[in-house]
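Given these sequences and hints, build the entire structure.
Next come the chains, spelled out residue by residue.
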Amino acid sequence: MDFSSLSPVAMIVLLVGAATPILLAAIGELVVEKAGVLNLGVEGMMIIGAVCGFIVAVNTDSPMLGLLGAMVGGAVVSMLFAVLTQYLLSNQVATGLALTLFGLGIAALMGSSYNGIRPPRMVRLDVEGLSDLPVVGKLFFSHDPVIYLSLVLVFAVWYFLNRTRAGLVLRASGENHDAAHALGYNVQLIRFGAIMFGGACAGLGGAYVSLVRVPQWTEGMTAGVGWIALAIVVFAAWKPWRVVLGAYMFGGITILQLSLQALGISISGAYLSMTPYIVTIVVLVIMSADRKKASLNAPACLGTSFHASH
Amino acid sequence: MLRLEQRPQPSGLMLYTTPIMAVLATMIVGGVLFIAMGINPFKAIYLLFIDPFVDPYNLSQLFVKASPLILIAMGLSIGFRAGVWNIGAEGQFIMGAIAGGAVGLALWDVEGWWLLPLMTLAAALGGALWAMIPAVLKIRFNANEILVSLMLVYVAENFIAAMAQGPLRDPNGFGRPVSKNLERHDPTSLPDVFPALGIDAGGLMMLILLALAFFLLQKHALGFQIKLTGESPRAARFAGVRPGVIVAVCLGISGAAAGMAGLFELTGAAGTLSADFGLGYGFTAIIVAFLGRLTPVGILLAGVVLAGTYIGGENAQFVLKLPAAAVTVFQGMMLFFLLGFEILINYRVKRLRRAA
Amino acid sequence: MKFTKTLAAAAAMGLALAGSAYAQDPVKAGFIYIGPVGDLGWTYQHDQGRQALEAELGDAVETSFVESVPEGADAERVMSQMARSGVDIIFTTSFGYMDPTIAAAESFPEVKFEHATGYKRADNVSTYSARFYEGRYVIGEIAGAMTKTNKIGYIASFPIPEVVRGINSAYLAAKSVNPDVEFKVVWVYTWFDPGKEADAANALIEQGVDVIMQHTDSPAAMTIAEEKGVYAFGQATDMSNFGPHAQLTAIIDNWGPYYIERVKAVMDGTWESTDTWDGIGAGMVKFAPLSDQLPADVAERAKATIAAIAAGELHPFTGPINKQDGSPWLAEGEVADDGTLAGMNFYVEGIEGELPN
Numbered sequence: 009m010d011f012s013s014l015s016p017v018a019m020i021v022l023l024v025g026a027a028t029p030i031l032l033a034a035i036g037e038l039v040v041e042k043a044g045v046l047n048l049g050v051e052g053m054m055i056i057g058a059v060c061g062f063i064v065a066v067n068t069d070s071p072m073l074g075l076l077g078a079m080v081g082g083a084v085v086s087m088l089f090a091v092l093t094q095y096l097l098s099n100q101v102a103t104g105l106a107l108t109l110f111g112l113g114i115a116a117l118m119g120s121s122y123n124g125i126r127p128p129r130m131v132r133l134d135v136e137g138l139s140d141l142p143v144v145g146k147l148f149f150s151h152d153p154v155i156y157l158s159l160v161l162v163f164a165v166w167y168f169l170n171r172t173r174a175g176l177v178l179r180a181s182g183e184n185h186d187a188a189h190a191l192g193y194n195v196q197l198i199r200f201g202a203i204m205f206g207g208a209c210a211g212l213g214g215a216y217v218s219l220v221r222v223p224q225w226t227e228g229m230t231a232g233v234g235w236i237a238l239a240i241v242v243f244a245a246w247k248p249w250r251v252v253l254g255a256y257m258f259g260g261i262t263i264l265q266l267s268l269q270a271l272g273i274s275i276s277g278a279y280l281s282m283t284p285y286i287v288t289i290v291v292l293v294i295m296s297a298d299r300k301k302a303s304l305n306a307p308a309c310l311g312t313s314f315h316a317s318h
Numbered sequence: 015m016l017r018l019e020q021r022p023q024p025s026g027l028m029l030y031t032t033p034i035m036a037v038l039a040t041m042i043v044g045g046v047l048f049i050a051m052g053i054n055p056f057k058a059i060y061l062l063f064i065d066p067f068v069d070p071y072n073l074s075q076l077f078v079k080a081s082p083l084i085l086i087a088m089g090l091s092i093g094f095r096a097g098v099w100n101i102g103a104e105g106q107f108i109m110g111a112i113a114g115g116a117v118g119l120a121l122w123d124v125e126g127w128w129l130l131p132l133m134t135l136a137a138a139l140g141g142a143l144w145a146m147i148p149a150v151l152k153i154r155f156n157a158n159e160i161l162v163s164l165m166l167v168y169v170a171e172n173f174i175a176a177m178a179q180g181p182l183r184d185p186n187g188f189g190r191p192v193s194k195n196l197e198r199h200d201p202t203s204l205p206d207v208f209p210a211l212g213i214d215a216g217g218l219m220m221l222i223l224l225a226l227a228f229f230l231l232q233k234h235a236l237g238f239q240i241k242l243t244g245e246s247p248r249a250a251r252f253a254g255v256r257p258g259v260i261v262a263v264c265l266g267i268s269g270a271a272a273g274m275a276g277l278f279e280l281t282g283a284a285g286t287l288s289a290d291f292g293l294g295y296g297f298t299a300i301i302v303a304f305l306g307r308l309t310p311v312g313i314l315l316a317g318v319v320l321a322g323t324y325i326g327g328e329n330a331q332f333v334l335k336l337p338a339a340a341v342t343v344f345q346g347m348m349l350f351f352l353l354g355f356e357i358l359i360n361y362r363v364k365r366l367r368r369a370a
Numbered sequence: 176m177k178f179t180k181t182l183a184a185a186a187a188m189g190l191a192l193a194g195s196a197y198a199q200d201p202v203k204a205g206f207i208y209i210g211p212v213g214d215l216g217w218t219y220q221h222d223q224g225r226q227a228l229e230a231e232l233g234d235a236v237e238t239s240f241v242e243s244v245p246e247g248a249d250a251e252r253v254m255s256q257m258a259r260s261g262v263d264i265i266f267t268t269s270f271g272y273m274d275p276t277i278a279a280a281e282s283f284p285e286v287k288f289e290h291a292t293g294y295k296r297a298d299n300v301s302t303y304s305a306r307f308y309e310g311r312y313v314i315g316e317i318a319g320a321m322t323k324t325n326k327i328g329y330i331a332s333f334p335i336p337e338v339v340r341g342i343n344s345a346y347l348a349a350k351s352v353n354p355d356v357e358f359k360v361v362w363v364y365t366w367f368d369p370g371k372e373a374d375a376a377n378a379l380i381e382q383g384v385d386v387i388m389q390h391t392d393s394p395a396a397m398t399i400a401e402e403k404g405v406y407a408f409g410q411a412t413d414m415s416n417f418g419p420h421a422q423l424t425a426i427i428d429n430w431g432p433y434y435i436e437r438v439k440a441v442m443d444g445t446w447e448s449t450d451t452w453d454g455i456g457a458g459m460v461k462f463a464p465l466s467d468q469l470p471a472d473v474a475e476r477a478k479a480t481i482a483a484i485a486a487g488e489l490h491p492f493t494g495p496i497n498k499q500d501g502s503p504w505l506a507e508g509e510v511a512d513d514g515t516l517a518g519m520n521f522y523v524e525g526i527e528g529e530l531p532n
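Chains as they are written, first to last, in our numbering: chain F, 9 to 318; chain E, 15 to 370; chain U, 176 to 532.
FYI, nobody ran anything at the bench for these hints, they're computed from the structure. Note that this is a predicted model, so its numbers are computed, not measured. A portion of the hints provided could be inaccurate.
Calculated lysine-lysine pairs in the BS3-like style (CA-CA distance at most 27 Å, straight line) [unchecked claim]: (1) U:Lys-350 x U:Lys-326; (2) E:Lys-335 x U:Lys-403; (3) E:Lys-194 x U:Lys-461; (4) U:Lys-439 x U:Lys-461; (5) U:Lys-295 x U:Lys-350; (6) U:Lys-323 x U:Lys-403.
Here it is as structure tokens:
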């Protein structure tokens, strides 16, 4: 078999495109989980972002405003979850699932008159001179701005969580909400903010699908990306840089599967599609088996409600 | 300024009135939504909330839709009581259907009263074994069962796609990735028991298991241990409860229940195994379990109400030309209200006076 | 579920009797869709057909639909509910509705059922499908003429006969005008996942493909083709909105005329169970306007081919054709029979790669 026509550079460019929506949603969910909240409504927030971004971009003729609209949309819908779980102490798992149901429905209603429209195109960030360099140009200097933004965001999240006081407080809320409360921090407010950040990121990821990766709006177009993002957070052991690794690996498997077929190699789609999830489980097991290490990563209060009784 | 204050005892009054308040709130907000869409709100709400429970045909479909939800939710609730968070019931549902369905397909030409029980057993085992993966990983490696069980849903979805494409495919089906129809094949078709409500042998089994769950939680020592583990893991340990056993038992029960539900869906309703076999019952059942406040009676009611809105939603689509998405929004809203109002059971709203 | 059926049937009888008092009532037609009407593909086109039916017959017909209905028990229930509400004819528009349609038809013998793409019939169940492979022959010919790299990409959903038939037909046509042509088939194992379809299009373009065909539902591949400056063909519906330069033409699922004909038959009382498999000739398969990008000779040949297929002078599967393994399938001049086509599970000779099983 002739593999020479399989260009690694081209494949990397493709996989980054496939991975970016997952990456954006996952980095948001990571912050939410670090604050001790499990929001299973990522898919719902993404599809809301996809439709809001699309509507805003079409009406303002600006993809950038579209992205902004998507973030606002995702954050607003996440507030439903935040109010219910933080102030009304509803169960996070059930509320997150309800959020996905609700989001899919609302998005379909909102987008029903936007079928069959082409949105304004996102410009690629072509740096004069640099983008034309062989290999390096295509690898590093010819993407759309969101891809760079997503990596900046990962760095910002890493910096925030590990190098700032506010990040420490957020982690403390996820680690031991009673202690954080005793120290005088408003756990509910911190979690509320984290949830909204997660919503904005998921919305941005959704808009990346509807404005960049497949510039169009069709009902249900995120097709399960939000669920994959949830898996990636676990795979990453709640570490920002590993989210990049996980998302790119996942994108890589998808692209490899398609590219090998385009080369003429038959592969069994279903079994290959299982592998990322199995790998995630294996990673989780390895990570959890070492209890000392595990306690450094997995937020201890993940998924539990907090109410200050005093 | 309003403030929530924990009640010394959960309010019995609120336990029964909050669901009614939630449904009323859903009707009001949903009604506004329908008016905004130019749809008669009274007709829509009648079709969604009343018609499913009064029309004889709709009633005969009620438990067809409700039984799998209730059966899965029942199993899950036992684990949730103990703080064992199995959210992979969808995967266990699928694996149960594959295991039981494979037995039925392998014994296609065989007839016998024992065939369906055998398939049910295989399904329960299939579901339970699939649930044992997160159980073992939790006990042995301390891996979070929420995440492992969720990952295994995707594995199961891909597995059924491979099975329907491969070994379980109907050889006479023109190459379509669909199995033979087990529901339209007498030896493997679930018999009706109380058809006016859509209860077949699977539905009956569901009701029996629900009663058993009630008994387990109320009367049996194991039920006590499960509840104790959930409420106070430390106290449970002092009382000699082995947490590993509780994890295995809870995941095993919920997996077996979900697996059986998968088989009943296969042999009583869906008929065929295909990549689209899982319709999200496993996830919806999580919501049902919480709406039912993890009690057997509550789950029964929650499952029936939710099933009603599914059935009513289909009617509303072709009678009122209500888009499917509007029904989804309506259901999402109802869940939000039900979850939100629940706080009034354990907390009361207090007005804070400003300190002088 | 026998009791249910009796109950439902009794109710239907009551409704039917009540209905007969008003002979001038409009005929009611119900449609059951597998996806949302906004999918811009399969379901969208069926809904276009429903709208054409309304436009044609006006007040004489009343239509309703339920979208996103899962296959299995839910589908049977929706059919029964429709039948009970007094609907006269129900179109069930997905292969997976086959068994539910037969079951519902047993409960409601007075109601006519029309099942798309299936093979099980009854006294009150007809089946209908379109010979899309005829359309694929035409676009295959255009693709063969338009490719400069001699590589044609094909985004395929599931390895079922319908899809395999399309690949074979398009390949034979492309080969007939361009002996060097090569097909690159990518199976995505989904009918609808815009992201994955877009990725597949990109992966194919990376492999040097400059014409893309698809047998999946979303216009994702078309948008990618437009962006990357390669050609593509619309699937099910005219996708020129998404690829004003990329779209060479589109195969259009034109269900309207069939729906009109069948509902009229109900009105006249001439409806009977039939098996319809129509193609270009009957107008069930149509094309979007040919692109200006096509050189005159290519456009002319496409028109001639369309006319020849419509007239029955040309059958895409006319021998000599060998199977992929070299074994003979059709002898010189022999035409494939419908039975073989319906169950087609092999590639024809010349296509590379293994047909997944």
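So, going through the hints one by one against the coordinates:
1. U:Lys-350 x U:Lys-326: holds, 11 Å
2. E:Lys-335 x U:Lys-403: violated, 40 Å
3. E:Lys-194 x U:Lys-461: violated, 34 Å
4. U:Lys-439 x U:Lys-461: The hint holds at about 22 Å.
5. U:Lys-295 x U:Lys-350: Roughly 35 Å between the alpha carbons, so the hint for Lys-295 of chain U and Lys-350 of chain U is violated.
6. U:Lys-323 x U:Lys-403: Holds, at roughly 15 Å.
The structure is inconsistent with the numbered hints 2, 3 and 5, although it conforms to all the rest.
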